[in-house]
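Novice: Could you slot chain B onto chain A? The hints should help.
Protein chains: 2
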Amino acid sequence: MEIRVIRDVLEESNARARENRSTFDQYGIFVVNIMSSPGSGKTTLLQRTIPLLQERGISCAVIEGDISSTLDSERLQPLGVPVVQANTEPFGGDCHVGSHLVQAALEHLNLEEISMLFIENIGNLVCPAEFYLGEDCKVVVLSLTEGEDKPLKYPLMFRECDLCLINKMDLEPHLDIDLDLLKTNLQKINGRLDVLTVSAKTGEGISAWINWLLNHKGSP
Amino acid sequence: MEIRVIRDVLEESNARARENRSTFDQYGIFVVNIMSSPGSGKTTLLQRTIPLLQERGISCAVIEGDISSTLDSERLQPLGVPVVQANTEPFGGDCHVGSHLVQAALEHLNLEEISMLFIENIGNLVCPAEFYLGEDCKVVVLSLTEGEDKPLKYPLMFRECDLCLINKMDLEPHLDIDLDLLKTNLQKINGRLDVLTVSAKTGEGISAWINWLLNHKGSP
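Residue numbers (our numbering), protein chains in the order written: chain A, 1 to 220; chain B, 1 to 220.
Okay, chain A solo, but in the shape it has when bound (with noise of 0.2 Å):
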């Protein structure tokens, strides 16, 4: 009965991530699964990277996951983007953003005027990485202090991704980290995956990872 049900789960959740994808399809709108453990520097990361697009002329928009707390969304108001703070604990405290809550939150923005839209997740290396939610591609930020085995001990995570952000660059002189062991740990758990290393607190190695976003996107 229990996988019965579990299926149930995830076939009602990939039908609204493919109504959400058909929504994005209408409106044109790339769409970035933004994922990591907790504070690993997702919100740092798109504080430095929506003002960096706006001045590209690409019109940002963010769905805000976490469990509880309206903190993040507060974090980027500064930005003047439409920001929606999609909670999880009304149902539950589920553990990753679904796709029916993505379904809800697209409610509250003004489709026509978005061209880039990032959910960031709720921290978590675990379950974000199960569920698919209409999006263009799967981000995963791992803080360089997490250490070297993290894709040996997540691998679905980091096989589920495009591109693997190596953050807080910023902190390398301070830590016993052998930074080579952890690119070849991602290439071995996922061969394709893109790896760029940055710091969202110095803008180190973020226009690297703006161009990355603009090049799949393609043109608008």
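Rather than coming from a laboratory, the hints here were simulated on the basis of the structure. There could be a bad hint or two in this list.
It does not matter which identical chain is used: a pair holds within one copy or between any two.
[What the hints assert, rightly or not] Taking lysine to aspartate or glutamate and the EDC-like style, the derived pairs with C-alpha atoms no more than 20 Å apart in a straight line are:
(1) K188 with E89
(2) K201 with E172
(3) K138 with D25
(4) K201 with E11
Quick caveat: nothing in here was measured; it's all calculated off a predicted structure.
Specialist: Relative to chain A, chain B alone:
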């Protein structure tokens, strides 16, 4: 239907946890369930902790929870204590250590020779908080790099735990973090939560953590 199945799963989980609890009581084993985000330093903490407990005559063992890989168990091998690897990948890649997995792991340990058992849970600040394993206490390790807001964003974990170890204190000079605000946020979520600051890397604060364990364990 879904709700009934979830209730069945939880009841089954709690039944196994109660069986574990009675096994621990029978053998007089004090059990600590250690949880955190990925890469917060749980394994390094155990590498630092276990030799100090052994010096005090406390015989330790570890159940190493991971989705995939035996990397953490390998890191603990030099300590010379019994370590059982409990991987969830063969069981669908579960995002937490389940009570049935603990029960299966206990079969590989000589329980008469153990007085303190650490369960290193899967790196996940969400799901492991929901599951009782039969332990005496729950400890959450929070890396200082994860930011002040984590208690507010992942409240269940911090409500469920008895102690929060704020780890990687050695990085404090290189981070823009307000430690007082972090402590205020912890108390806001759980006024009865003990909080200790440590660096598993340098050993800072570790003696207070050892004393916390010994006080909670009580006499052998």
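Novice: Cα distance capped at 20 Å. Does K201 pair with E172 within a copy, between copies, both, or neither?
Specialist: both (13 Å within a copy, 15 Å between copies)
Novice: Could you place K138 and D25 in one of the four classes (within, between, both, neither) given a Cα distance threshold of 20 Å?
Specialist: within (17 Å within a copy, 46 Å between copies)
Novice: Quick one: K188 to E89, C-alpha cut-off 20 Å, is that within a copy, between copies, both, or neither?
Specialist: between (36 Å within a copy, 17 Å between copies)
Novice: Which holds for K201 with E11 at a C-alpha limit of 20 Å: within a copy, between copies, both or neither?
Specialist: neither (39 Å within a copy, 45 Å between copies)
Of the hints listed earlier, the one the structure fails to meet is number 4.
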